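> Below are the chains, spelled out letter by letter.
4 protein chains.
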Amino acid sequence: MRAVLLNGSLEKGNKATDTEKLLHESAKIFKKENVDVDRIHLRDFQIDFGITNTLDGDDDWPFIFEKIKKADILLLATPVSMGDKSSIISLILERLQGYHRMENEKGQGLFYNKIGGTIVDGRGDGGAYAAAQSIVYRLCMLGFTLPPRASAICNETHVKATASEWECIEDDVRTMTYNLIHLAEIFLFHPIPVLNDTKKES
Amino acid sequence: MRAVLLNGSLEKGNKATDTEKLLHESAKIFKKENVDVDRIHLRDFQIDFGITNTLDGDDDWPFIFEKIKKADILLLATPVSMGDKSSIISLILERLQGYHRMENEKGQGLFYNKIGGTIVDGRGDGGAYAAAQSIVYRLCMLGFTLPPRASAICNETHVKATASEWECIEDDVRTMTYNLIHLAEIFLFHPIPVLNDTKKES
Amino acid sequence: MRAVLLNGSLEKGNKATDTEKLLHESAKIFKKENVDVDRIHLRDFQIDFGITNTLDGDDDWPFIFEKIKKADILLLATPVSMGDKSSIISLILERLQGYHRMENEKGQGLFYNKIGGTIVDGRGDGGAYAAAQSIVYRLCMLGFTLPPRASAICNETHVKATASEWECIEDDVRTMTYNLIHLAEIFLFHPIPVLNDTKKES
Amino acid sequence: MRAVLLNGSLEKGNKATDTEKLLHESAKIFKKENVDVDRIHLRDFQIDFGITNTLDGDDDWPFIFEKIKKADILLLATPVSMGDKSSIISLILERLQGYHRMENEKGQGLFYNKIGGTIVDGRGDGGAYAAAQSIVYRLCMLGFTLPPRASAICNETHVKATASEWECIEDDVRTMTYNLIHLAEIFLFHPIPVLNDTKKES
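Protein chains in written order, with my numbering: chain U, 1 to 202; chain A, 1 to 202; chain E, 1 to 202; chain L, 1 to 202.
The hints are simulated quantities; they were obtained by calculation from the structure and are not laboratory data. Among these hints, one or two may not hold up.
Intra- or inter-copy, both count: the list cannot distinguish identical chains.
Straight-line C-alpha distance at most 20 Å; calculated SDA-like pairs for lysine to any residue [stated by the list, open to error]:
#1 K12 / Q46
#2 K106 / D172
#3 K106 / R174
#4 K106 / D171
#5 K106 / T175
#6 K12 / Q97
#7 K15 / D48
#8 K12 / I47
#9 K32 / V194
#10 K31 / P193
#11 K12 / G98
#12 K69 / R2
#13 K15 / G50
Just so it is clear, the structure is predicted and the values come from calculations on it, not from any experiment.
Take the sequences, apply the hints, and build the full model.
Listed below in structure tokens is the structure:
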């Protein structure tokens with residue numbers, strides 16, 4: 001299996017941001033469970049604004065999209081500013097929107113049988129939920145399947161009395177990551193059936 | 001299999017609202033595919049405000065919750081007012097929140113292996129997306145799994161040039177309903193594994 | 001001047017919830033500045049679900065609405081559950097929606113020249129922003145004017161290194177409350193002009 | 001008086017998008033009422049991602065920010081994709097966030113006494129409300145004042161039976177624009193008082 005991990009931090013990739021640390025926790029689990037991992041720090045790439053699905057631009061989008069197309073799992077990680085996901089994640093969701101009506105070889109949506117998830121680093125902001133719900137919703141409507149607790153929200157408020165903050169966050173990231181893997185494994189052998197999905201039945 | 005369909009309309013149940021019509025389209029498909037259906041018009045029941053998980057109140061919540069607990073699929077249908085879901089759906093999500101930390105007999109979240117979906121009747125408002133994303137997100141975080149396109153959004157804007165509005169809406173409801181059924185069927189034989197989920201692994 | 005303070009807590013009024021404490025901070029400032037204050041704990045009243053503007057129901061809504069109609073300032077206070085305002089606040093916004101098309105004696109929207117604000121108690125949840133933005137937006141579209149920082153968000157994340165949590169929250173509540181008063185004072189002598197607002201100009 | 005109108009369309013400026021047409025309706029009113037207008041098509045400028053308030057980057061942000069600083073009114077116009085504002089508007093809000101803690105010469109927030117508004121072109125999407133509420137909220141929390149109906153939402157659903165769609169939209173844009181002007185005029189002679197706002201009072 002294969003997972004693509006996109007870091008939507010606004011800072012260039014040479015800094016150890018909290019978002020990167022959280023994504024790293026997830027990546028370690030993926031690797032331990034023998035899932036191939038592609039990590040992409042979006043800010044280090046040139047990706048044009050737009051919703052089109054044309055692939056003939058001269059930016060780095062085709063490189064990234066090819067990886068998403070081959071992956072079983074897509075994980076978006078974002079910092080939060082005033083209750084919103086980063087504008088880079090917003091840009092990526094717009095680009096993916098361009099494929100909304102495209103189908104796979106079975107006539108299903110292009111992202112069917114792929115599993116989606118998100119890490120939302122809301123520390124220092126408190127608006128993680130607003131950001132998370134917009135990402136989770138859009139992945140779902142793009143055709144991804146969302147396993148239970150597909151969004152690892154990281155707020156100070158999630159710290160339990162009996163655990164350090166970091167332990168607690170690791171807990172949420174771990175639950176999310178394993179649920180992504182479990183669903184991807186189930187779909188590997190039991191994909192969503194095609195028949196009724198193609199809207200051709202009476 | 002068994003599906004619970006909750007109608008969150010603000011009007012009492014003796015009127016043929018659009019929300020009811022859309023839910024009926026979905027119910028017809030469930031029945032055709034031999035899924036047992038429980039339809040509940042929430043406005044006709046007395047459900048107290050609150051987040052607690054205590055079941056000893058004297059309202060109708062225990063009756064409704066028992067049905068949700070036994071179901072494989074939970075479908076929430078709501079009208080939209082100024083971009084928001086109805087306050088009755090909001091009330092139901094608060095009640096479900098009370099079970100957030102409870103576990104099933106395997107040690108997983110209480111709603112694991114259940115499939116969630118929503119019908120959002122945004123006609124006459126235009127705010128269906130805002131309402132939909134808050135419901136989809138909360139079902140996911142409560143432990144439900146969301147199949148592709150788990151939210152059937154009904155806006156005039158979804159009408160295609162070549163189809164009547166009603167045909168178009170039926171299309172979205174059908175896609176959503178079949179995806180709910182497909183995921184529930186997959187989980188019937190291939191439930192989410194327990195091991196890593198219980199947070200007991202090292 | 002006159003302010004109506006609505007507490008949207010899910011608990012009945014005999015408990016000293018955080019939401020109540022925060023609202024109390026605001027009430028103290030209103031009184032100090034000689035603004036008449038009406039405090040209403042919504043959970044203690046019987047308010048039916050619905051969007052209609054008919055006032056002939058047999059619930060307590062007419063009592064509450066008369067107070068809002070006479071007030072210069074409307075302040076809604078809410079706890080947060082999973083990133084959402086309380087269902088009681090949702091219910092109140094639906095009821096207010098019923099007056100959306102009604103006009104005052106000058107032909108302006110019914111809530112023109114009234115100032116709106118909100119206290120969002122997100123402690124223990126982290127979803128205050130999502131709740132706040134939906135309330136602020138709806139007050140604005142209902143015709144209320146929103147002064148700067150009209151929403152006092154209370155998250156642990158707002159605590160500064162140099163202040164206790166409670167000091168910090170008092171700061172936000174105070175800023176919000178004074179801005180409500182300032183705008184209401186300005187409007188007392190300089191209301192929004194009528195002419196172009198009535199949509200009758202060419 | 002002076003208004004800055006930012007077009008957040010994803011397409012470069014040589015196309016007559018709906019968003020541009022709506023913004024043009026607003027600009028005509030501003031000019032008729034002798035408000036100086038600066039129109040900026042954001043996609044034609046190079047603006048880096050980031051939240052910092054440092055002005056020493058080599059992008060076009062300082063040019064745009066100087067105009068916002070001098071203006072009495074800021075109007076953001078955005079298309080909608082799947083219920084969300086454009087990523088360019090998201091980027092602008094992040095840039096403005098960098099000034100969140102900065103003060104004007106009176107010790108108030110930098111954007112105090114400025115009026116904010118938004119045009120949300122939701123045609124073809126239906127998610128205008130979700131986009132609008134996130135913009136309205138963030139302008140408010142940045143220190144802008146929001147007049148009644150500060151957001152002109154353009155959905156097919158807003159078309160009244162007795163009017164063409166375009167007439168109806170013009171109505172909303174006109175209401176919004178005049179309310180922006182009215183508030184800016186009021187603030188010109190009656191700005192928000194400083195005293196209690198600086199958080200220095202006991």
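> Against this structure, judge whether each hint is valid.
Status of the hints after comparison with the structure:
{"no.": "1", "hint": "K12 / Q46", "verdict": "both (12 Å within a copy, 17 Å between copies)"}
{"no.": "2", "hint": "K106 / D172", "verdict": "between (35 Å within a copy, 19 Å between copies)"}
{"no.": "3", "hint": "K106 / R174", "verdict": "between (33 Å within a copy, 18 Å between copies)"}
{"no.": "4", "hint": "K106 / D171", "verdict": "between (37 Å within a copy, 18 Å between copies)"}
{"no.": "5", "hint": "K106 / T175", "verdict": "between (31 Å within a copy, 15 Å between copies)"}
{"no.": "6", "hint": "K12 / Q97", "verdict": "between (25 Å within a copy, 19 Å between copies)"}
{"no.": "7", "hint": "K15 / D48", "verdict": "between (23 Å within a copy, 17 Å between copies)"}
{"no.": "8", "hint": "K12 / I47", "verdict": "both (14 Å within a copy, 15 Å between copies)"}
{"no.": "9", "hint": "K32 / V194", "verdict": "between (32 Å within a copy, 17 Å between copies)"}
{"no.": "10", "hint": "K31 / P193", "verdict": "between (29 Å within a copy, 19 Å between copies)"}
{"no.": "11", "hint": "K12 / G98", "verdict": "between (26 Å within a copy, 17 Å between copies)"}
{"no.": "12", "hint": "K69 / R2", "verdict": "within (10 Å within a copy, 34 Å between copies)"}
{"no.": "13", "hint": "K15 / G50", "verdict": "between (28 Å within a copy, 14 Å between copies)"}
Of the numbered hints listed earlier, not one is contradicted by the structure.
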